[in-house]
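Peer 1: Listed here are the chains, written in short residue letters.
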Amino acid sequence: MKVFVRIVIFSIVLSLCYWGFSNYGIPQVIPEPPPVEEQISGSMTMDQYIALGGKIFNGKGTCTLCHNPVGGRAPLLDTGGKDGPPVGARAADRIKDPGYKGKAKTAEEYIHESEVDPSAFVVAGYGKPGTNDTVSPMPATNKGSIGLSEAEIGAVISYLQKSAGVQVTVKLPTGAAPVAAAPADAEPQSAKTPEEAINKHGCPTCHKIPGIDRFT
Amino acid sequence: MNSLRKSWVNRFSFLFLILFVFTLIIPMGYSASISLKEAFATEAPASTGGEHAKGEEGKKVEGEKSQYKPASKLKVEDYPIVKGFNSRIAVWIVAQLHLFFGAFVLAVPIFVLVIEGVGLATKDERYDHMAHEFIKVSMTAFSITASLGGLLAFMFVSFYPDFFKYMAGIFGKTMIIYAILFFGESFCLYVYYYGWDRLNKGFSKWVHLSVGLMLNVFGMTLMVLSNTWASFMMAPSGIDDSGIFLGNIWAAIRGPLWNPINLHRFIANIAFGGSVVGAYAAFKFLSAKTDEEKAHYDWMGYTANFIAIFGFLPLPFAGYWLMKEVYSYSQQMGITAMGGAFAWLFIIQAVLIGSLFLGANYYLWCGMGRIKGSERYTPAIKYLVIVIVGCFLVWFTPHTLIMTSKEVTQVGGTHHPVLGSLGVMSAKNTAVNMLIVSTFLSFMLYRRSNKIATASWTSTGNALQVALFTAAAINIVTLGVYGYFIPANIRIGLSIPQVMTTLTVIIVSSIIDAFMYKGAKSTGPIEWGKMAQRSQYALFLLAISFTWLMGLMGYVRSALRQHWHVYTVLRDNSVDAFTPTLGYAATIITISVYIFIALVIFAFWIANFSTKKQKVVEASH
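Chains F and X, in that order, give the protein sequences.
Numbering-wise (the working numbering), the first sequence opens with residue 1 and increments by one.
Numbering-wise (the working numbering), the second sequence opens with residue 1001 and increments by one.
Hints may be right or wrong, so weigh each one.
[Stated by the list, open to error] Covered stretches of chain F (in silico footprint by chain X; criterion: 3 or more residues with CB under 8 Å from a CB of chain X, positions within the stretch not fixed):
1. 10-23
2. 58-68
3. 138-146
[Said to hold, decoys possible] Computed far set for chain X versus chain F, every beta-carbon distance over 10 Å:
4. Gly1119
5. Phe1183
6. Trp1196
7. Gly1390
8. Arg1448
9. Gln1562
10. Ala1586
11. Ile1601
[What the hints assert, rightly or not] Listed next, the in silico EDC-like pairs over lysine to aspartate or glutamate satisfying Cα-Cα at most 16 Å (straight line):
12. F/Lys128 to X/Asp1240
13. X/Lys1075 to X/Asp1162
14. X/Lys1069 to X/Asp1162
15. F/Lys143 to X/Asp1162
16. F/Lys143 to X/Glu1133
17. X/Lys1294 to X/Glu1133
Hints were generated in silico from the structure; no laboratory data involved.
Because the structure is a prediction, the values reported are computed rather than measured.
A virtual CB, placed ideally from N, CA and C, is assigned to each residue, including glycine.
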């Protein structure tokens, strides 16, 4: 009986150690909640539409899983990088590329095509291994697990154009068609002072700012 | 009279053999007829990309108006609520327990058959007795597995009726085959276990082995069949974008993740089963009253540990293949696993696997204490400890650190300036390969402990092995370092030459050892039973850690689907569709592990109970 009790205690304690490490030894990242149905109002302004595009780009669209500067898995889109300026600015050049076989005639159409048919043009070095850059590993964003609506894809394009500093050519959606959008965040509160704003956005993490040497 | 009896036994055994072949052929034939008929109807391949298979047969069915319906768009009210039950937690725990027990009862017959075969080949009855005891332990577990499977099916019907309906609409035929196979497995298991003493000599023994083989064939078929449902939920194939089944069941079965999951589960089951019977042997060893009992259970524990490690060493390679296929199917899913919300889960995995490696090696080093002649190798243990602990720490190093904003400022980023570089896959792949090579070296030293090679080329053989291990270590580390200088998508490919190096060392060294130690001089017998008590706790550590690891990896495999019952097709719109934190998941896993331990103790107690009764009967005679 003594042996049995010892073994049971050993097993319980060992399992509790694993439980404790999982709870207190690592950060408890709260995954994004599933996207919820939201209404895009017919009276939405272009700025709101662009902001929604940014939210989708960084959230529901899961674009930044690959289009980020860390992994090098896909070209950067909303900022410039080794592949050139942001996609909003370089899109017009892509359709002039001799290797381009898609149907887009304008920059906006090119970005749209890249979202719904990613293999129409694969940037050199980013194709699926063994396909000689003819097949993109990117899923179509209007299908499958992402499943963006046309209005949402338009919002992302407007965000990418705005990020590139080019003219936003996307038209605002009319009516009040229901689309699945990223969950709404709490309304951001404006900082009251420049110091508060700098600290709030974590600028001192990387930048040395005279007069600000610590978080408040 | 005796010859007449023998003749009847032979005829009876032969009839049994035929019967078993038929029990195997009928369900397999039924399964094959469905699969082949539908597979040859079209030549459309299963999906290997991120989208669902939609070959020629898809167009045909669409054109003819499919008899199958698209996946429903579920609402919260489509999920029945049973008061007092949280559907997801209930299904999670029951499914996990079913998988624990399923893995155990599928694994035990595999190594029992091998051990029985070894006993027959060597004519050493100890193997036969041990095999019999192993299968005895799994008998109650078999009933528990079946009960849990039934409970799980009821829960799916009760809590997730639309999901079950959708799955049954596609896999209904395979579910019927599953039930038939289950009967076949039960039949074989009972004949195999209860016929052990009766079918123990001459031709009967071969019949008994054949029954064992049938048992494993049924078991493996059950496993690969049920894996189709799990792999379909992760990476559906044989359907169109709206989830309409295209009519080809083989296309739905042969999803891109099916075979990687089959292999991974097969190997993991062996490691898991070995560790659980190892815990049984350890318990019996610690409770043993006589030296004979101690010797028997010490040997049983060693064998179980050997089986667990034998399954454990190739497991990371099967894991790589599975993850490679996950990336290939959906890069989005792969990144979610390794670089997204679940990235920290792999640090927990590193802790568990590190514990397993340390536990397994510690047991082997303790075991060298009962072997005369092992003193020659004990000085090497401290170097192995350094390498194994070092590799464990590298694997355990996270890429980003948990810091406050202030600390981030002070450190200059979320990565530690020095240790941060150890948190990437290049370092971790190197560490895990070195861990495997070191563990194999531990095992080699253990095997050599009481032997002195007498072959004329022993010095050359030893030099060759030293060169092999050194070259392998250099190659693995160099490839790891090289990985820092190339892009991530190319870096992942380096794991293949690293793995090949590790496998080469294991295979070539084993071959050299086998020839070099043929007819070796013995320095004395292994003194079974003379084992430190603390070593037995290493066996418990293995069993608990394996169970926990299985729960953890089962969670991540399932959680990768995120808010989808069937990825991209049937969305989970229940109130529990959120992905929980790792702490939350750890709580559920711990509860599942505790329930599993309690049920396993019950199964062991039952097995022990019958032994006691048998001994009382024998004593009264």
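Peer 1: Are there hints from earlier that the structure breaks, and if so, what are their numbers?
Peer 2: Failing hints, ascending: 9, 10, 11, 12, 15, 16.
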